[in-house]
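Work from the hints to combine the two standalone chains into their complex.
Chains as they are written, first to last, in the numbering used here: chain P, 2 to 247; chain E, 9 to 311.
Calculated directly from the structure, the hints in this document are not laboratory data.
Beta carbons are placed, not taken as given, at the ideal position from N, Cα and C, and that holds for glycine.
Treat the hints loosely; a few may be bogus.
[Unchecked claim] Now the stretches of chain P that chain E is said to cover, found in silico as 3 or more residues with beta-carbon under 8 Å:
#: 1; stretch: 76-84
#: 2; stretch: 93-100
#: 3; stretch: 105-112
#: 4; stretch: 153-163
[What the hints assert, rightly or not] Just the calculated beta-carbon pair ranges, DEER-fashion:
#: 5; chain 1: E; residue 1: Gln-247; chain 2: P; residue 2: Phe-16; range: 39 to 47 Å
#: 6; chain 1: P; residue 1: Ser-143; chain 2: E; residue 2: Phe-91; range: 24 to 32 Å
#: 7; chain 1: P; residue 1: Phe-16; chain 2: E; residue 2: Ile-142; range: 39 to 47 Å
#: 8; chain 1: E; residue 1: Val-103; chain 2: P; residue 2: His-199; range: 40 to 48 Å
#: 9; chain 1: E; residue 1: Pro-221; chain 2: P; residue 2: His-20; range: 42 to 50 Å
#: 10; chain 1: E; residue 1: Ala-13; chain 2: P; residue 2: Gln-189; range: 44 to 52 Å
#: 11; chain 1: P; residue 1: Gly-11; chain 2: E; residue 2: Gln-247; range: 53 to 61 Å
#: 12; chain 1: P; residue 1: Leu-239; chain 2: E; residue 2: Val-109; range: 39 to 47 Å
#: 13; chain 1: P; residue 1: Lys-161; chain 2: E; residue 2: Val-109; range: 29 to 37 Å
#: 14; chain 1: P; residue 1: Ser-143; chain 2: E; residue 2: Leu-282; range: 55 to 63 Å
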Amino acid sequence: MDSDIVQLRGVNKWFGDLHVLRDVDLSIRRGERMVICGPSGSGKSTLIRCINRLEEHDEGTIVVDGIKLDHDTEHVAAIRREVGMVFQHFNLFPHLSVLENCALPQIRARGTSRAQAEAKAMEYLTRVRIPEQAAKFPSQLSGGQQQRVAIARSLCMEPKVMLFDEPTSALDPEMIKEVLDVIIDLAQSGMTMICVTHEMGFAKKVADTVVFMDNGRIVEKAPPKELFENPQSDRTKLFLSQILSH
Amino acid sequence: MPQTAARKRPAARRSRWTWVDTALLLVFALALGVLLWRAGGVFSYKWNWSSVWPFVYRFDDATKSWVPNILFEGLATTLRLAFWGILVASVIGTVMGFARVSKKLMFRLIGTAYVMLIRNIPPVVFVFVFVFFIASQIMPALGLGDRIKNLSPIAQWWLSFLFGAPKLFDNFLLGLICLSVFSGAYVTEIVRAGLQSVAKSQVEAGESLGMKPRDVMRFVVLPQAFRNVLPPMAGQLIQLIKDSSLVSLVSIQELTFMAQDVQVTTQRVFEVFLFVGAMYFVICFTLSQIFSALERRYARALK
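So that you can see chain E by itself, here it is in the shape it has in the complex (with noise of 0.2 Å):
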């Protein structure tokens, strides 16, 4: 057989970018432009930004000293939302996931019962029933708010840091709580999934050499269902960014509730709602760039 000479490979036919991707952008601005203009035309709204950023940072004249105003805490307490619902959200949807694939019929009930309740119920009304029969009969009986006048001033620190102002703790709280069991039944089936995505084969393998069913659990299963899970994970707990808006609902104090205050004092509603939408768009980008990150390094990890 004659020996065929190695060759280069041809050049690439399609390069990155081409004149019709210039003609379909030119075309997008167009179109935007047209409409933003038109959009104008009919509004003819004069923006006002400046009666929007007191309520973010206001002059203080008592104190002659910048302090931050109301959409400033209401974006605290939606950060503490947050990073908190983030947190318990996956704690009970990690503990729920594993129910939901127990051996126990016990558990499996539980978990499914669950995830059932919340999945096929409106956010909004699970929000009011939860809070207004279930909670309302809860949150008085623990008084917490006595318990947190007793603390000593480093522990009311710390506490306002983490969790905002001590007397509103428990209006925090039962947001916080609302938020978290709603997230927890998405982030429960993510988990299930994600534990069930790793072979059956995988977990017969490490038995079959010896190990323990919790080492097998622990160094086989959970670091590639982890690995599986991150992407849909990303996407559930952004969702739960969002979400922290209807406890607004609920009168917790947090971004949105605060621009609706806002809203209604300046009448200025656009601004307003930009910029609240800009603040969540920070936030979410942020969350979803740490975990690219961590699809990126786990990624690495594997090749």
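With the rest of the complex left out, here is chain P (with noise of 0.2 Å):
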């Protein structure tokens, strides 16, 4: 069980009288790319901001690394710091340089002297390919930029799993590879992730399980070619003729 780096069992959200998620249960072992796919309020995003507590789960257990997701402020906190997150907008901090974007998590989060944070900041930057960004503003970047600055940002804080929520679907098209490139870089660097996509080349060049979702169930989880060339449910063949028919 210590492989699994990520476990749900029996979670189940409701947003009102919406049962947004249904009896979910899900394990992410150390070192796995995992695809999750889904017609749109299906509960992907739901459940991703679930493992790191931007939503809270009305039932069922969550354990990340070890620590149970409950109400104790300091499992949350010390789970927000195995998680790193990259949203569909980015949400890079508008006040403040690219640098001081990465910069600031790492001072306050961890207690990292500046110089470091700094010095950590430009390597991840690199690693991004747009150190010479640095001293910018996001709103001096294009979107495929500023999407790099929130990866860069988010591996600053060397978490364990990384979350993308639809990391691409804000980007104008010409945009989207060069995120996805940097993605898949991370990915073959053995790095855990969950991302929510609908990126299907994406998911069959990087991903080693995708899951598909629909009403908040999880309705198959395969490997990206069994899942893709022999769905075993309707509802999977559907969506995939769908997404895939143009």
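Structure (structure tokens):
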């Protein structure tokens, strides 16, 4: 069991009367790369937002790296230090330079010295291939560049798991590749990741496991080749035919 | 595809100043001239500015020196009210603004009740109610007058520099609290709007990076809220300075109160109030320049 870094057991969640997660069981091994797909409103984003407590689940247990996610704020804080998150709309801090975006969380959440934090920020900005933008502000960058900064900012915290919430959905088409390339690099370096995305090419290329969700449930979970070529449920078949038909 | 040669941008069609602007300006000046001329004819008013100046500064025969007179003292009181009022109203507004968006129901209720109470009654009514029903019960109980008498001379000097004549300290404090509580309600709403103007996703980003809620507030939310709040805050604090004239109704001896005194004595209504208006303008204009500079500075920090 220790090889599972994230474990969800019987997770249920409601938004008001809307039952958005229904008896979700899911575990992710260390080093596993998982892609979650499904129609909009199927609960994919809510699921990964529950893993670092941006949303609170109502029933069931979530364990991350041996820490149980409950109302203990220390547990929540510890889990958030282990789990990095990249958002659809980047969510960079607009009033801080790119370098500051990457350095501030290290200084505040890890107590790193400024010099060390900035050195590490430059290291990861180099890794996402935009060290030359360090002094600029987010509004001066393209969407693709902003998303790469967001990835670098998250990596600076040295997370054990990375969550990606539709990282390319808000990007112009010509910028999707530069962001996916960075994520692919990261996947190949052995980072454990859960990625909500509709980029099926990306899923085929890097994912160990693809999870198909619909209506708050996990409908199917299989390696990409299996899931894409031989989907078991009708719902999966319909979804795949809709997104792969063009 | 044939390559198009890069061309220079064509000259802008509109210049900054055209004959239309000149014509409009002339018409406006003419209209103003006619208005003043007609007004002069109707009033047949003899301007006499020299009767006002002695109330600003007068020559004291006893000491053979120039000493400030009541209009100057009123101006000083207004400046003190403005300075402390801005400070206290900002503190009240910040505390109450946070209360308005608090997770605790009790704090939200207090904040909301405060804003709704003040915002929905006329300022004049508030001033009277506050002073005669609330403050008149509390102020004597504090017994500040006796305590001030027992202060050292240096403390007395500082007190009169910061708050005006010690014997009027009670009076000044009353006006200050009244003005601050009143303006604080409007500042509260500006602070609340400022805090809410920062997207929730910013908080999520900070928290997902493991930052403590307090740090997220301090380093992510507040700097952005502060920038958003500057323009409406400038307006409200300028409004506070102008509203300080309201406390003249309860005998706080600031500029407007003194002006009424002088007006009664000299019968020079227009001179006195034009002078007073100019003084308010100078104070408010200075403040708005300070805020413009602040805005420019924060805009630069972002770009």
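Okay, Phe-16 (chain P) versus Ile-142 (chain E) on CB: inside 39 to 47 Å?
holds (46 Å)
Verdict on chain E covering the stretch 76-84 of chain P, where coverage means 3 or more residues with a C-beta closer than 8 Å:
holds (count 4)
Note whether the CB distance of Leu-239 (chain P) and Val-109 (chain E) lies within 39 to 47 Å or breaks it.
Cβ of Leu-239 (chain P) to Cβ of Val-109 (chain E): about 44 Å, so the range 39 to 47 Å holds.
State, for the Cβ atoms of Gln-247 (chain E) and Phe-16 (chain P), whether the hinted interval 39 to 47 Å holds or is violated.
holds (42 Å)
C-beta pair Ser-143 (chain P), Leu-282 (chain E): status relative to the range 55 to 63 Å that was hinted
With a Cβ separation near 57 Å, Ser-143 (chain P) and Leu-282 (chain E) satisfy 55 to 63 Å, so the hint holds.
Take the C-beta atom of Ala-13 (chain E) and the C-beta atom of Gln-189 (chain P), compute their distance, and say whether it sits inside 44 to 52 Å.
Distance hint for Ala-13 (chain E), Gln-189 (chain P) holds at roughly 46 Å.
Per the hint of 24 to 32 Å, is the separation of the Cβ atoms of Ser-143 (chain P) and Phe-91 (chain E) within bounds?
Given range 24 to 32 Å: violated, Cβ gap about 47 Å.
Mind taking a look at whether chain E covers the stretch 93-100 of chain P? Criterion is 3 or more residues with CB to CB distance under 8 Å.
Held - the stretch 93-100 of chain P has 4 residues with a Cβ nearer than 8 Å to chain E, which meets the minimum of three.
That 40 to 48 Å hint for Val-103 (chain E) and His-199 (chain P) (C-beta), does it hold up?
holds (47 Å)
Val-109 (chain E) and Lys-161 (chain P) - C-beta distance against the hinted 29 to 37 Å
holds (34 Å)
Within 8 Å of chain E (C-beta), three or more residues of the stretch 105-112 of chain P:
Contact hint for the stretch 105-112 of chain P vs chain E: holds, 5 residues under 8 Å.
Indicate whether the distance between the beta carbons of Pro-221 (chain E) and His-20 (chain P) respects the range 42 to 50 Å.
violated (29 Å)
In summary, the structure is inconsistent with hints 6, 9 from the numbered list given earlier, while agreeing with the others.
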